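Here the protein sequences come in this chain order: E and R.
Our numbering applies: residue 1 is where the first sequence begins, and numbers increase by one.
Our numbering applies: residue 1 is where the second sequence begins, and numbers increase by one.
For the record, the hints were derived by calculation from the structure and aren't laboratory data.
Accuracy of the hints is not assured; some may be wrong.
Said to hold, decoys possible - Just a few of them, taken from the derived set where beta-carbon distance is under 8 Å, the chain E residues facing chain R:
#1 Gly-306
#2 Leu-319
#3 Ala-333
Nothing here was measured: the structure is a model prediction, and the numbers come from that model.
Backbone N, C-alpha and C fix where the C-beta goes; we use that ideal spot for every residue, glycine too.
2 protein chains.
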Amino acid sequence: MTDPASTPLKVAVLGAGSVGSQTVRQLLERHDELAARIGREFAVTGVLVRNLDAHRDSPIPAELLTTEAEPLIDGADIVIELIGGIEPARTYVERALRNGADVVTANKALLAESQVEIFEAGREGGAETWYEAAVAAAIPIIRPLQDSMIGDRINRVMGIVNGSTNYILDRMDVDGLGMQEALDEAIRLGYAEADPSADVEGWDAAAKATILAGLAFHTHVPREAVACEGITGITGELVQAAKASGQVVKLLAVCERLDADTPDEAVNVRVTPVLLPRTHPLAAVHGGMNAVFVDAMDAGSLMFYGAGAGGVETSSTVLADFVLAAKRIVRDAPPEFITFVDHLPIAPLDRVRSRYRIELQVGDEPGTLAAIAGKIAELGVSVRDVQQISAPQSGPATLVVSTHRAPERDLQQVVAELRTLDAVESVVGVIRVEGVE
Amino acid sequence: MTDPASTPLKVAVLGAGSVGSQTVRQLLERHDELAARIGREFAVTGVLVRNLDAHRDSPIPAELLTTEAEPLIDGADIVIELIGGIEPARTYVERALRNGADVVTANKALLAESQVEIFEAGREGGAETWYEAAVAAAIPIIRPLQDSMIGDRINRVMGIVNGSTNYILDRMDVDGLGMQEALDEAIRLGYAEADPSADVEGWDAAAKATILAGLAFHTHVPREAVACEGITGITGELVQAAKASGQVVKLLAVCERLDADTPDEAVNVRVTPVLLPRTHPLAAVHGGMNAVFVDAMDAGSLMFYGAGAGGVETSSTVLADFVLAAKRIVRDAPPEFITFVDHLPIAPLDRVRSRYRIELQVGDEPGTLAAIAGKIAELGVSVRDVQQISAPQSGPATLVVSTHRAPERDLQQVVAELRTLDAVESVVGVIRVEGVE
Chain E
1 MTDPASTPLK
11 VAVLGAGSVG
21 SQTVRQLLER
31 HDELAARIGR
41 EFAVTGVLVR
51 NLDAHRDSPI
61 PAELLTTEAE
71 PLIDGADIVI
81 ELIGGIEPAR
91 TYVERALRNG
101 ADVVTANKAL
111 LAESQVEIFE
121 AGREGGAETW
131 YEAAVAAAIP
141 IIRPLQDSMI
151 GDRINRVMGI
161 VNGSTNYILD
171 RMDVDGLGMQ
181 EALDEAIRLG
191 YAEADPSADV
201 EGWDAAAKAT
211 ILAGLAFHTH
221 VPREAVACEG
231 ITGITGELVQ
241 AAKASGQVVK
251 LLAVCERLDA
261 DTPDEAVNVR
271 VTPVLLPRTH
281 PLAAVHGGMN
291 AVFVDAMDAG
301 SLMFYGAGAG
311 GVETSSTVLA
321 DFVLAAKRIV
331 RDAPPEFITF
341 VDHLPIAPLD
351 RVRSRYRIEL
361 QVGDEPGTLA
371 AIAGKIAELG
381 VSVRDVQQIS
391 APQSGPATLV
401 VSTHRAPERD
411 LQQVVAELRT
421 LDAVESVVGV
431 IRVEGVE
Chain R
1 MTDPASTPLK
11 VAVLGAGSVG
21 SQTVRQLLER
31 HDELAARIGR
41 EFAVTGVLVR
51 NLDAHRDSPI
61 PAELLTTEAE
71 PLIDGADIVI
81 ELIGGIEPAR
91 TYVERALRNG
101 ADVVTANKAL
111 LAESQVEIFE
121 AGREGGAETW
131 YEAAVAAAIP
141 IIRPLQDSMI
151 GDRINRVMGI
161 VNGSTNYILD
171 RMDVDGLGMQ
181 EALDEAIRLG
191 YAEADPSADV
201 EGWDAAAKAT
211 ILAGLAFHTH
221 VPREAVACEG
231 ITGITGELVQ
241 AAKASGQVVK
251 LLAVCERLDA
261 DTPDEAVNVR
271 VTPVLLPRTH
281 PLAAVHGGMN
291 AVFVDAMDAG
301 SLMFYGAGAG
311 GVETSSTVLA
321 DFVLAAKRIV
331 RDAPPEFITF
341 VDHLPIAPLD
351 RVRSRYRIEL
361 QVGDEPGTLA
371 AIAGKIAELG
381 VSVRDVQQIS
391 APQSGPATLV
401 VSTHRAPERD
411 LQQVVAELRT
421 LDAVESVVGV
431 IRVEGVE
């Protein structure tokens, strides 16, 4: 009989894309160093690919490549899932966990869709799921929320968690590009996919927001409960106007606790483009970088900053989770499972208190400003300032109304009613303002 | 017989200063919430103080206060040590660990001095030491280095880890205060102790640097091996000159891997005031805030930012470690111990490659600049630029020489030789430059 302590841990890698191939390369090249940190030998038993021919020139040794998922998964102590997407990743991950193999995954879409089922499969099989790489790639944020802040009460998480859109908005801000120009550039340089919908519509950020919210509030927030607005409505003019007034446009995933310590306590999770003052720490996050800003009752403000994408950057986190999973198995420590013990209700967007910047095209008649201000006041919303951006000799003028914080439902009503005013030719744009009271 | 799973965990708190009293308050006030996260009841069995009378007006219930350390420690499942300093903290911590009680501590001085002995006591007693609060208070940095980056290779850690000195330097930078003025203000506002030596001499930062280096390099770096220079030599003039050239003075704890992947691989750990370009993420860390910047082979650059001091901020981290220790005991997971598996040699400062900014008072004779440049070139150091800051009609002029990166030993020789030059009246100041190549 072999001594289990001397048997190398068997590691299966599913997927050989940019993260997968980097991960396999390092598991092989840095084997001795990683084994020393684990305290046990390990061996990569195979790498699942869809098509062997497509990987003929891959640096992965040909004898490791396989198209047979089940035998690879069933023989493994640790399964590293880097396929992405829902299926077949979900079937593979749940199979591995039910087999009792720990799973390391970078798959935010899968977790956002099925985290409850995945944790349940792990409970059944006595195996743990490690997913630090699923949000903000190289940045440690899952474990800090889950462990380092477990004694505190988190009130708000605001994250730049999508590198593509941050790259696009940053180019528009720094170099004055228009949206289409910046998007084309992002695709050309590999910051965005050829079909950029998941990024620019905010869906990728929304998947990450549900994961962050679950950890921050100990409450399961289904993906469908995340209000999601992307950056497709952001124009070069808005970005430049923001710049002129000391602000910057960022796409944020926001997880917020509402009415803390009252019977109405609830959480809202949303993805939305916002204006931030340039002095806010998140305003300095450039290019494809990511950052997550956390406000907690005791700890105050914290920020975690780093690379949010990239094969080698993501593999750093995948390898860490692999070492931790292996150490857990070697130490024979019981697996940990996320439990959503707080069960806070999920509040719709209209309960959130926001600040709006509303840009209007207005007629040039006397009394216009009074009519607009009167209508807003009538709806109970307080105006912070009004700016007349352009005032040609004749023709329509542009008016920018900034409100104080008010419930979303009131702000949305303000926008709807402004559209009906005779004095208002059109509502050009509406954007939320964050990072100020 | 009582079911151990139904027995509340017994928690002893040692110390009732600003962190201790906040921690006790929250353990009592937020008992139900914390117990739910742990999954087991717990009870604070006592709070060790030196003098009962001194705590007569404390919010801590009088019946919890005790001056008897041994019975309190010996009856506890978890001991939270918030006394600070070496003794009697070390005796208490080691006693608790040998008893098999997990220890939560915020005591950086103790860890810097005795981490090896403390981990050894834990190994003997089968108990774990939790010390996230010992470095950068509210910021999760211990566990990210220990766990989240365990699959990567860290090349450099640069931290603003002392809030007092950052407050002083920030006031000098933003408000133009002199060193003494800023220091007095820091003491008056409670950012610094009445005896500020541990802060301004860099000793506090050096203690934290040994802890960070141990985690980053899997190598024990004794406190004595940390080269330590404080901020007492920093003048208001230097801070303003730096500001004028787009730089800022910060006191950094630097942990650096030298000659990676060569037979000469080693680590150097130092505390030193440096000039940083204002575009560096650490330059934006104001007031008493802390931040730790990490450069890793795969992950690239990461930054962790937040409150580095304060009773309630530190208690956030102490409570998290308490919950994690309690969960470990409830789950019956084996304790984890830091093991310094890499045993890298520790390199003296003179092997580090630095950039220097050297300010000289020079005579007004022709040929001065040539003589100085010639001497520096002769010693093999390359000059980046030379600036003549003031040039009155007659009398001495101020010359600022910025070098390229060169070995410290060569740079130190440059400074020594410049002092002997006839053309040089005095070397006014020397400071390292970081954050640029």
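Query - Restraint satisfaction for Gly-306 (chain E) [CB to CB of chain R, less than 8 Å] - result: Interface hint status for Gly-306 (chain E): holds (4 Å vs cutoff 8 Å).
Report task. Identify whether the interface hint at Leu-319 (chain E) stands, where standing means a beta carbon of chain R within less than 8 Å of its own. Result -> Check passed: Cβ of Leu-319 (chain E) comes within 3 Å of chain R, closer than 8 Å.
Query raised in the report: For the hint on Ala-333 (chain E), does the least C-beta distance to chain R fall short of 8 Å?
Result: 4 Å, holds
Checked against the numbered hints given earlier, this structure breaks none of them.
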